[in-house]
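Chemist: Kindly produce the complete structure, drawing on both the sequences and the hints.
Sequences listed follow chains A and B, in order.
So for the first sequence, this note's numbering puts the first residue at 1; every next one is plus one.
So for the second sequence, this note's numbering puts the first residue at 1001; every next one is plus one.
There may be inaccurate statements among the hints.
Claimed, not checked - If the Cβ cut is set under 10 Å, some of the chain B residues that face chain A in the computed set are:
no., residue
1, Pro1063
2, Ser1127
3, Glu1222
As the list claims (entries may be wrong) - Over the 12 Å line for every Cβ pair with chain A, so calculated as not near, a few chain B residues:
no., residue
4, Leu1089
5, Val1091
6, Ala1253
7, Leu1293
8, Ile1294
9, Val1297
10, Leu1306
11, Phe1307
12, Trp1317
13, Ala1363
Simulated from the structure, these hints should not be mistaken for lab results.
Because the structure is a prediction, the values reported are computed rather than measured.
From the three backbone atoms N, C-alpha and C, an ideal C-beta is built for every residue, glycine too.
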Amino acid sequence: MDGFIVTIWILRLLFLALLYLFLFAVVRVLLRDLRGASRERAELGRLVVVASPNGEPPLGAVFPLDAIASLGRDVNNTIVVDDPFASGEHAALTFRGRSWYVEDLESTNGTYLNGGQVEGPTPMGYGDELQVGEVKLRLERAR
Amino acid sequence: MSANVAWRTPATMVGSLFSAFRPRPRFRELGLLVLVSATLLLGSITAGASLAARPVLDAGQIPGGVDLRMLDSRALAAYVAGLLAVHLLFVATGRRTDQVLLPAVGMLGGLGLLLMQRLPQGLVTQSFGDAEFSLGQVQLGWLLLALTIVGVVGTVVRSDAWLRLYKYTWAATGIALLLLVFLFGREVNGVRLVLAIGPVAGQPSEILKVILVVFLAGYLSENRALLIEESTRIGPLRLPPIPYLAPMVAMWAIALGIVVVQRDLGAALLFFAVFLGLLYVATGRRSYVVLGLILFVVGAFVLYELFDHVRTRVDIWLDPFADPQDTGYQIVRALYAFGRGGLLGTGLGAGLPTVGSEPAIPAIHTDFPLAALGEELGLIGLLAVLGLYLVVIERGLRIAAAAADDFRALLAAGLAMVVGVQAFIIAAGNLKLIPLTGITLPFISYGGSSLLANAVIVGLLLALSDRGVEPPPPPRPAGRLRRVVGRVRGGGSGTPAKAAGRRSVR
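Modeler: If you want it as structure tokens, here you go:
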């Protein structure tokens, strides 16, 4: 075989090999990222405190959510909202199949979703804002 | 999540913009970019050497040695420098954005650049004043502009309020663009796609796809809860509540309108597929997709019966060899090119780009770059290119999965889908898997509108991947849509703070 054909084919194959080396490097990064994500994925969503005049729960606190979470002033709640305008058992959040629902537990001052009062189990989207007493919490997707 | 999650005022936003300028290294991105540069350098050398040896080979002799010269070393250097400049910009601004997107897209763009430099340069010429620029140089200019857009959008966009709060404005802009094309568009090859205002000409359908995703993400995220909750049953199908069907039917009508008026089958297919995909992502209901597919089949059948240009496309697809010298020419040539490529390809620069002075495949630089790559890189190279598109899609969906709220998730998923679906439509069209529709191969095809629109997509995906950005703006009060369910009482102003007669429980 003559030099030209051999050299040029070595170069061409090297080029294809580099292309695959890059792809391989990228896929390795992606796999590591996905494995990390699947390890930490235990929560279904999270509540972030966006307004809290009395500081309990503190502003910016993040509550990872299970399928059922209760909110209120009572210490037995999943999320304790120590606010003078919150009832002992104020509201409940449930994840049913595809979506989050919020329900008012006959609280004195009511539960509000994006400024409207909640009357029965109401579907709740990520990004929606829940108000219990004077405390506002935003539902966020799990990360 | 930072401690300060309160909605920031413009003043603090500006403050945070400056305080955030804390350089943060991005080793992963840098490493991948080095690999990209090495690959492109080697590709340029093989293409240059093959092209240099062509006259000797054509004369029936075998060259004595390999003439190691690059295609256009300065252009490639400029492109690699552009990639590194964007990387440095990201490092300097210190945002925690995705580190894989830029290298993956940079590789695709670089392969496109090599291809454009290697094709006959006379395909495109543009002159600015005295200077004349040919295919490869024009593509380099667009690529550098696209990289600038990626860099700017990826660093500057910190809040998505300007997108989500004005979704109807965006939708109106999109429809206005569509109307402008319809009224003043210039016809190219019997297709009315190009809008020219003075010296600036572009294909609005390219940017329209971004606008469409923004609108759909806004609309679906606002009504997602309701679309999941309620449904009307018609026979075995569970449909969305009737009032919500309206925008979807409108969407279908717009897609049909694009086909009928603009004769742009590719864009119509892309819009409709992305719409169905996003609807599925938002609701998780297969019945909606089934309904959409039924509408699609009905629409396709009606269009086939009514319109000549649709019928021609389908007939060519079914049997391109019926008229291989005329209507089927493009597809037949593309199939030959894929066949000639085989497993390993002929090597960059060694394919058959021209027959006489004509390119072997008409519109090879816009609609058939995949056939050119298939010939010169072979099945192996083609699979790598498709793999790169998969990487871009995976990143988009991963960014969507990690997004804080529905709007960002749907936006990221939709943007990724636009790239993926568009690549699929044109790749499958090139390979005669589906009827050919003339749209561009993202990041690779020649063309300013396409590159710039896809750059906006990449920039937005990068911005959305940053977890430390502005929190989503506060949601607006439940609108008329959620009140249809009748479970949320009161309008926008009924916050407890304003409600009278509030009692302290303590």
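Chemist: Does each hint hold? Answer for all of them.
Modeler: Now for the hints, and whether the structure bears them out:
The criterion of a C-beta within 10 Å of any C-beta in chain A is met by Pro1063 of chain B, whose closest approach is roughly 5 Å, and the hint holds. The criterion of a C-beta within 10 Å of any C-beta in chain A is not met by Ser1127 of chain B, whose closest approach is roughly 34 Å, and the hint is violated. Here the hint on Glu1222 of chain B is kept, as its CB sits about 8 Å from the closest CB of chain A, short of 10 Å. Annotated as non-interface, Leu1089 of chain B keeps its C-beta farther than 12 Å from every C-beta of chain A; the closest such distance is 21 Å.
Separation of Val1091 of chain B from chain A is adequate, the least Cβ-Cβ distance of about 17 Å exceeding the 12 Å criterion. Ala1253 of chain B, annotated as away from the interface, keeps every beta carbon of chain A farther than 12 Å; the closest lies near 27 Å. Listed as a non-interface residue, Leu1293 of chain B keeps its Cβ farther than 12 Å from every Cβ of chain A; the least gap is roughly 21 Å. No Cβ of chain A approaches the Cβ of Ile1294 of chain B within 12 Å, the least distance being about 23 Å, so the stated non-interface status holds.
Chain A leaves Val1297 of chain B outside its interface by the beta-carbon criterion, the shortest separation being 27 Å against a cut-off of 12 Å. Non-interface status of Leu1306 of chain B relative to chain A is upheld: no Cβ of that chain comes within 12 Å, the nearest being about 39 Å off. Listed as outside the interface, Phe1307 of chain B is consistent with that label: its C-beta sits roughly 40 Å from the nearest C-beta of chain A, beyond the 12 Å cut-off. No Cβ of chain A approaches the Cβ of Trp1317 of chain B within 12 Å, the least distance being about 30 Å, so the stated non-interface status holds.
Ala1363 of chain B, annotated as away from the interface, keeps every beta carbon of chain A farther than 12 Å; the closest lies near 25 Å.
When each numbered hint is compared with the structure, a violation occurs for hint 2 only.
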